[in-house]
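For the sequence shown, the numbering used here assigns the number 1126 to the initial residue and increments by one for each residue that follows.
These aren't lab readings, by the way, just hints derived from the structure by calculation. Fair warning: this is a prediction, and the values are worked out from it, not measured in the lab. Be aware that a few hints might be false.
To be verified - Only pairs whose alpha carbons sit at most 16 Å apart, straight line, appear in this in silico EDC-like list of lysine to aspartate or glutamate:
# : residue 1 : residue 2
1 : K1170     : E1189
2 : K1398     : D1426
3 : K1398     : D1435
4 : K1398     : E1428
5 : K1398     : D1409
6 : K1398     : E1437
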Amino acid sequence: MSPVHESRRKRRRTVAQGSTRPTSRDVAQAAGVSQAAVSLVLGDKWRGRVSEPTAQRVREAAHELGYRPNLAARNLRLGSTRTVLLVVPALTTEFFAEVYTGAARVAAEHGFGVVLYPSPEGVGPARDPFASAQAALDGVIASSMAADALTAIRGDQLPLVMLDSDPEGSLGAATVNLDIADGIRQVADHLLTLGHRRFLHLAADVPSWTFEVRARELATRLSATPGTDLRTARAPISIEGARTATESALRAPGPRPTALVCDDDKLAAGAYKAARRAGLRVPDDLSVTGLDDLGLATAIDPELTTVRLDAEAFGERGMRALLAVLEGQAPE
1126 MSPVHESRRK
1136 RRRTVAQGST
1146 RPTSRDVAQA
1156 AGVSQAAVSL
1166 VLGDKWRGRV
1176 SEPTAQRVRE
1186 AAHELGYRPN
1196 LAARNLRLGS
1206 TRTVLLVVPA
1216 LTTEFFAEVY
1226 TGAARVAAEH
1236 GFGVVLYPSP
1246 EGVGPARDPF
1256 ASAQAALDGV
1266 IASSMAADAL
1276 TAIRGDQLPL
1286 VMLDSDPEGS
1296 LGAATVNLDI
1306 ADGIRQVADH
1316 LLTLGHRRFL
1326 HLAADVPSWT
1336 FEVRARELAT
1346 RLSATPGTDL
1356 RTARAPISIE
1366 GARTATESAL
1376 RAPGPRPTAL
1386 VCDDDKLAAG
1396 AYKAARRAGL
1406 RVPDDLSVTG
1416 LDDLGLATAI
1426 DPELTTVRLD
1436 AEAFGERGMR
1446 ALLAVLEGQA
1456 PE
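Whole structure, please, built from the sequences with the hints as guidance.
The structure is reproduced here in structure tokens:
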């Protein structure tokens, strides 16, 4: 098949006057190519038919214009793709691997496939997965996404379910959440029962609604018991980051905390290392707790006291919620 004709004329990247959203015609004009070339590039069918420099020019024009393909219209033409995008903060965490397992299980039962899209940096909003429109999707399940990323993820009203996200800030998307408050209450009550009154909250240094809820609930729970003291140290979700933050907190002036409440099991592992370097025994001198019940919890010595968050069930609930949205029903 002969290559699609490519116009060499350069045009300024603008949207047609009166248009409410950029179209493929606007992209074609901005990139100086035909609409057929735009369709090939954004449909990822350009190889051998459009040159690489031209394909890059089309992608840049689409990005600058904020162009999003009308996936709903395309699905009407092509039929449902029965494909769901799962956007997660990182693939390196056991928790989100289990979320995927649960979502994929329910999806398979209904004839759907699940495609993973991780945030490259591991935390925060992922890059716009529709930048090159490589695949048509029936819906998106996204976790821990910032509000500014939601608009890009949703595209042209693509069905969206948010996991672990603020229901008030989901821009109208359905939300599915774990009972984070109950988990942190269990940890606080356990440590209070052991007689602890001086606490250090080793908080994940990640802008996330989930971690904000944990911090608020911990402070509320501990303040109900007279004589308690709560300090906070922030650390990236890494063992070395947690070790460094814990060492600094343990060296701080004033009475040393006797209990560490960690936002994540990986943070707790770093706290273990810091305690040993400080000559403290866990749990004799310092109690350390985690959240998530990852495999790491039983790999360290002594085994970590943690609260299990059923990630697979969480993924299942997210997928069922999206299926309900696709059927025009309200998620349970």
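Going down the list of hints, with the structure as the test:
Annotation: proposed proximity of K1170 to E1189 is violated, straight-line Cα distance about 21 Å (limit 16 Å). Taking the CA atoms of K1398 and D1426, the gap is about 11 Å. The hint holds against a cut of 16 Å. Between K1398 and D1435 the CA atoms are separated by roughly 27 Å; this puts the pair beyond 16 Å, and the hint is violated. Proposed proximity of K1398 and E1428 is supported: the alpha carbons are some 13 Å apart, at most 16 Å.
At most 16 Å may separate the alpha-carbon atoms for a hinted pair to count; K1398 and D1409 meet this at roughly 15 Å. For the hint linking K1398 to E1437, the alpha-carbon distance of about 29 Å lies beyond 16 Å, and the restraint is violated.
Hints 1, 3 and 6 from the earlier list are contradicted by this structure; the remaining hints agree with it.
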